[in-house]
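There are 2 protein chains.
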Amino acid sequence: MDKPYVIGIDVGGTNTVVGIVDKRGQILRSGSLKTAKHANVEDYLDELAEVIEDVIKDIATKEQIKGIGAGTPNGNYFTGSIEFAPNLRWKGIIPFAQMLEERVGIPVALTNDANAAAIGEMTYGAARGMKDFIVITLGTGVGSGIVVNGQLVYGHDGFAGELGHVIMRRSNGRVCGCGRSGCLEAYTSATGVARTAREYLELQHDAKSQLRNIPIDEITSKDVFDAAMAGDEMAKEIFRFTGEMLGEAFADFVAFSSPEAIILFGGLAKAGDLIMNPVRESMERNLLPIFKNKVKLLFSELKESDAAVLGASALGWEVR
Amino acid sequence: MDKPYVIGIDVGGTNTVVGIVDKRGQILRSGSLKTAKHANVEDYLDELAEVIEDVIKDIATKEQIKGIGAGTPNGNYFTGSIEFAPNLRWKGIIPFAQMLEERVGIPVALTNDANAAAIGEMTYGAARGMKDFIVITLGTGVGSGIVVNGQLVYGHDGFAGELGHVIMRRSNGRVCGCGRSGCLEAYTSATGVARTAREYLELQHDAKSQLRNIPIDEITSKDVFDAAMAGDEMAKEIFRFTGEMLGEAFADFVAFSSPEAIILFGGLAKAGDLIMNPVRESMERNLLPIFKNKVKLLFSELKESDAAVLGASALGWEVR
Chain A
1 MDKPYVIGID
11 VGGTNTVVGI
21 VDKRGQILRS
31 GSLKTAKHAN
41 VEDYLDELAE
51 VIEDVIKDIA
61 TKEQIKGIGA
71 GTPNGNYFTG
81 SIEFAPNLRW
91 KGIIPFAQML
101 EERVGIPVAL
111 TNDANAAAIG
121 EMTYGAARGM
131 KDFIVITLGT
141 GVGSGIVVNG
151 QLVYGHDGFA
161 GELGHVIMRR
171 SNGRVCGCGR
181 SGCLEAYTSA
191 TGVARTAREY
201 LELQHDAKSQ
211 LRNIPIDEIT
221 SKDVFDAAMA
231 GDEMAKEIFR
241 FTGEMLGEAF
251 ADFVAFSSPE
261 AIILFGGLAK
271 AGDLIMNPVR
281 ESMERNLLPI
291 FKNKVKLLFS
301 ELKESDAAVL
311 GASALGWEVR
Chain B
1001 MDKPYVIGID
1011 VGGTNTVVGI
1021 VDKRGQILRS
1031 GSLKTAKHAN
1041 VEDYLDELAE
1051 VIEDVIKDIA
1061 TKEQIKGIGA
1071 GTPNGNYFTG
1081 SIEFAPNLRW
1091 KGIIPFAQML
1101 EERVGIPVAL
1111 TNDANAAAIG
1121 EMTYGAARGM
1131 KDFIVITLGT
1141 GVGSGIVVNG
1151 QLVYGHDGFA
1161 GELGHVIMRR
1171 SNGRVCGCGR
1181 SGCLEAYTSA
1191 TGVARTAREY
1201 LELQHDAKSQ
1211 LRNIPIDEIT
1221 SKDVFDAAMA
1231 GDEMAKEIFR
1241 FTGEMLGEAF
1251 ADFVAFSSPE
1261 AIILFGGLAK
1271 AGDLIMNPVR
1281 ESMERNLLPI
1291 FKNKVKLLFS
1301 ELKESDAAVL
1311 GASALGWEVR
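Line order of the protein sequences matches chains A and B. Under the working numbering, the first residue of the first sequence carries the number 1, and numbering increases by one thereafter. Under the working numbering, the first residue of the second sequence carries the number 1001, and numbering increases by one thereafter.
Everything labelled a hint here was simulated from the structure, so no lab data went into it. Every residue, glycine too, gets a C-beta built ideally from N, C-alpha and C. Accuracy of the hints is not assured; some may be wrong.
[Unchecked claim] Subject to a maximum C-alpha distance of 27 Å in a straight line, what follows is the list of computed DSSO-like cross-link-like pairs (lysine-lysine):
1) K1037/B to K1003/B
2) K1057/B to K1303/B
3) K292/A to K1303/B
4) K91/A to K1292/B
5) K294/A to K1062/B
[Claimed, not checked] Per label pair, the in silico range of CB-to-CB distance:
6) T1061/B to N293/A: 42 to 50 Å
7) G1173/B to G231/A: 33 to 41 Å
8) F78/A to R1169/B: 31 to 39 Å
9) G272/A to R1212/B: 24 to 32 Å
10) G1231/B to K270/A: 58 to 66 Å
11) R1212/B to K296/A: 50 to 58 Å
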């Protein structure tokens, strides 16, 4: 029987969004629930199953659903489990795919958010037709989904692609949420950009900036973006610093897998040329000669609000 | 017809070695010629074809040869060409596989030395049964062959796996042969170890070392090894420095592809525990928590003198 639909689930720390998606990548209907509402994962999954049934109801029968794909924090594709996710209330190892499958009777595959984004770009987005590319997600953290020979790189344990945690500064590096120092994420995540702003404001006493109008502990990457768009020199310099470090990191990633493209995804990618120009300039300057002028730098082509669900849904096509 | 043999060719800057290999990875017969003798690549290939016929002669017919695999400097698997190899006399792009195939009538595949080593380890050596691993070659330079999902990572242009050229020191880094600064290779190749020795001897005026008995410009990594084995403190410290930097780099590589093992191959790997102990200690210290105590560090299991030919020969099984 033809199965023309998949379900995508984006499990975030705050909200969970569910969508039913067709073969052209259209989200036909969606629903959501509060992830953080349930202290008990059993209760959460019961409600999630209800939302799924609700989203399917007027569109298709369960038999027409090829599979469910879920993007979750610390999702392990091999085990189908969420493993020790720091931003979720449920601790330890949660056999998420199995528990959800028992409730809805549709096969479930799961991976982490950045891998879901990479599958989404390959299926519906900027990486259509590419066999070798890397998606870098620039959000609260920095994640990555790596595709080699047309396949997602999971590694031998399912945890490959932690490119937010390569070390960019080996001396005097910023403390990172992972417990180490100098990680790419500590500088180039949205949080990292806000940290850079605070550093600049504190260290450059004499420099003027409209960022000084905001209480220093409340500055966000959005504030830095707004200031830069308004021509604020310090804010522009903060984006230049961020982009330069991303470019340095990308040059090393290219030495590893020589991708056709690196695709920026997530909140910070909305900064457009403000981030892309310094990234491109810095990456080209840092590349080995054989790689120069070969690697495309692209923005995600998935619509921001739909991207996470679409990405996860693409995994639904690959189930079983 | 059953084709029970392959030919492996190791093209080095000085010598070219040819071997006929059976399915168990036994080199049944080998021969060699001087790579550097011929200014003209046509003449070189004529002599190479003769050596191949000679090696085959008493063992098999051409029809029993599955394929020829060649490991060459700057060999591109996709194009079958040697492209701009700095250590060979023939400049520009040499369509090596095609030219050799025309001469001997056996299909030829080609890749760079480090990729050949990785295929060799997977077929006959320490990586048998593994689907995700990285071979690091520590010789005059530092090369790498990366395997993901059981497939060699060539990247979109055939040049992936240049892990000797990730940047380890972003300020005040050593100049590298690639024209940039701070590359892993500039520190952890055999040449890099000799450079470290010279730096230590010059900067630590008062430190005693038997390395001072050797004219400083003539010190090799072998001298440092001999001194370390004799208990020389400075020499041991040089290996510790080298191993620590390799361990830092390996921790980043693990964040990329989460391999089951990293395998050390080539001259410097002969230093054994002298290099492996600091590498292991440093890698574990630098790994993201989720990767700790998971990644095997191994030495190549290919016999040193045969390794390059065996590695290249393994590619012969995959031809066409």
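Each hint tested on the structure:
1. K1037/B to K1003/B: violated, 33 Å
2. K1057/B to K1303/B: Holds: K1057/B and K1303/B sit about 25 Å apart, inside 27 Å.
3. K292/A to K1303/B: The hint is violated at about 37 Å.
4. K91/A to K1292/B: Distance ~20 Å between K91/A and K1292/B Cα, so the pair holds.
5. K294/A to K1062/B: Measuring from Cα to Cα gives roughly 40 Å; hence the hint is violated.
6. T1061/B to N293/A: 42 to 50 Å: The hint (42 to 50 Å, Cβ to Cβ) holds, given that T1061/B and N293/A are roughly 47 Å apart.
7. G1173/B to G231/A: 33 to 41 Å: holds, 36 Å
8. F78/A to R1169/B: 31 to 39 Å: Taking Cβ atoms as reference, F78/A and R1169/B lie about 36 Å apart, which means the hint holds.
9. G272/A to R1212/B: 24 to 32 Å: violated, 58 Å
10. G1231/B to K270/A: 58 to 66 Å: holds, 60 Å
11. R1212/B to K296/A: 50 to 58 Å: holds, 53 Å
The structure does not agree with the numbered hints 1, 3, 5, 9 stated previously, though it agrees with the rest.
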